[in-house]
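Going down the list, the sequences are from chains A and B.
Following the UniProt record's numbering, the numbering of the first sequence begins with 1 at its first residue and continues without gaps.
Following the UniProt record's numbering, the numbering of the second sequence begins with 1 at its first residue and continues without gaps.
Since the hints were made in silico from the structure, they are not lab data.
If you're wondering where the values come from, they're calculated on a predicted model, not measured in any experiment.
C-beta atoms are modelled at their ideal positions from N, C-alpha and C, and glycine is treated no differently.
Watch out, some of these pointers could steer you wrong.
To be verified - Derived list of chain B stretches under chain A, where covered just means 3 residues or more per stretch with a C-beta under 8 Å from a C-beta of chain A:
| # | segment |
| --- | --- |
| 1 | 43-55 |
| 2 | 65-74 |
| 3 | 124-130 |
| 4 | 138-144 |
| 5 | 165-176 |
Said to hold, decoys possible - Some residues of chain B that are not near chain A, with every Cβ distance over 10 Å (derived):
| # | residue |
| --- | --- |
| 6 | 87 |
| 7 | 119 |
| 8 | 134 |
Number of protein chains: 2
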Amino acid sequence: MTATREPQQDRSRVTRERLLASTIEMLAGKGWAATTVAAVAEAAGVSRGAAQHHFPTRESLITAALDALFEQLTVSIGASMEELPPGPDRIDAVVNRAVDIYTGVQFKAALQVWAAAASDPVLRELILPREFKFARAAHRLTVAGLDPTGTNQKAYNLAQATLDLARGLGLADTLSDDSRRRAQVVATWCEQVKLGLGE
Amino acid sequence: MTATREPQQDRSRVTRERLLASTIEMLAGKGWAATTVAAVAEAAGVSRGAAQHHFPTRESLITAALDALFEQLTVSIGASMEELPPGPDRIDAVVNRAVDIYTGVQFKAALQVWAAAASDPVLRELILPREFKFARAAHRLTVAGLDPTGTNQKAYNLAQATLDLARGLGLADTLSDDSRRRAQVVATWCEQVKLGLGE
Chain A
1 MTATREPQQD RSRVTRERLL ASTIEMLAGK GWAATTVAAV AEAAGVSRGA AQHHFPTRES
61 LITAALDALF EQLTVSIGAS MEELPPGPDR IDAVVNRAVD IYTGVQFKAA LQVWAAAASD
121 PVLRELILPR EFKFARAAHR LTVAGLDPTG TNQKAYNLAQ ATLDLARGLG LADTLSDDSR
181 RRAQVVATWC EQVKLGLGE
Chain B
1 MTATREPQQD RSRVTRERLL ASTIEMLAGK GWAATTVAAV AEAAGVSRGA AQHHFPTRES
61 LITAALDALF EQLTVSIGAS MEELPPGPDR IDAVVNRAVD IYTGVQFKAA LQVWAAAASD
121 PVLRELILPR EFKFARAAHR LTVAGLDPTG TNQKAYNLAQ ATLDLARGLG LADTLSDDSR
181 RRAQVVATWC EQVKLGLGE
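One chain only, chain A, in its complex shape:
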């Protein structure tokens, strides 16, 4: 029994992950209205019945995709914080990492859900706790990166400001490639954080 059940569980997990990856990509590329369970199933090459077995409602698909997306970002920030250069150079690495997370496909997908949730109280209640959990994790990791010894009280607020700036830069990048202007803003902010931390 075990021998047959395990591959089945594996297949089920792979199907689920494919559906979630397609959801994130479709939200970012085609927008909120286009991202239905049926459309995601087709894009993922999964039968509609199998997709509905995993995600009986659109809400369940969207919230699972958000969970996956926030988890990916948290793991990715965590990993990058373990490879920081020593000294003030680590500040550039931390700021750039924060900006990276808001300029990728995950942010573009999340933006679609936020925009939809602005006028949908049910969706908003589903999103807010996930959003808060991610914001706390991102902040904790950013503080730890800016202040590895845990001794600089200004790191807490500078980490908040860094993440808010990063979110704003992400939004500026949704309609056109803003990377050149962004590089200049990021350089300015890195200098500011060093001044603020006294480094």
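On the provided structure of chain A, position chain B as indicated by the hints.
Here is chain B on its own, set in the frame of chain A:
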């Protein structure tokens, strides 16, 4: 002839303005999908025929609403820059003003259009020139506020970063009231800008 034509032109202008105000409010409150010419006409108390006379297509209504919205914001930033306190206090006023423009109903309305335009190339081409024009005006006014004597070269980049931060704070405020956390971030940011400008 003139006596009758003028009131008619006035009525036409008032109708147009009512439609645009309703569009901004509806985008912010009910979202992109709900904001059609017919729904806006009903909310504004304007007949569907009169609404279609002013705005034959949804695109024409949305772009006119964006023009109105960016114009309101530009005028409002410009007016506030004329009342700045002297000395370093002006920096708090400039930063707070930048943040205000991204946490009002206009930003929430614009966010809906941005999110829709992310997957709609026609809409994107209509929005981008308007967005750039507004961004330039907001930046010019913010630089002038931070550096009234036009002598501090760092004002240019700090103004950019301030507007990006403000946009990020606006986005954080769309799903829940973020005003308490925001006040702390803004205070940190003001301190950083003063450090950066050497004041």
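We went through each hint and held it up to the structure:
For the segment 43-55 of chain B, the stated coverage by chain A is not satisfied: 0 residues place a CB nearer than 8 Å to a CB of that chain, which falls below the threshold of 3. Counting residues of the segment 65-74 of chain B whose beta carbon lies closer than 8 Å to any beta carbon of chain A gives 0, which falls below the threshold of three, so the coverage claim is violated. A count of 3 residues in the segment 124-130 of chain B with a Cβ less than 8 Å from any Cβ of chain A is obtained; the coverage claim is therefore met, three being the minimum. As drawn, the segment 138-144 of chain B meets chain A at 0 residues by the rule of a beta-carbon pair under 8 Å; below three, the given contact is violated.
Residue count for the segment 165-176 of chain B with a Cβ under 8 Å from a Cβ of chain A: 11. That meets the three needed, and the coverage hint holds. With a least beta-carbon separation of about 20 Å from chain A, residue 87 of chain B lies farther than 10 Å from that chain, consistent with its non-interface assignment. Against chain A, the non-interface label of residue 119 of chain B is violated: not every CB pair exceeds 10 Å, the least being about 3 Å. Under the 10 Å C-beta cut-off, the non-interface status given to residue 134 of chain B relative to chain A holds; the minimum distance is some 12 Å.
Of the numbered hints given earlier, the model fails hints 1, 2, 4 and 7; all others are met.
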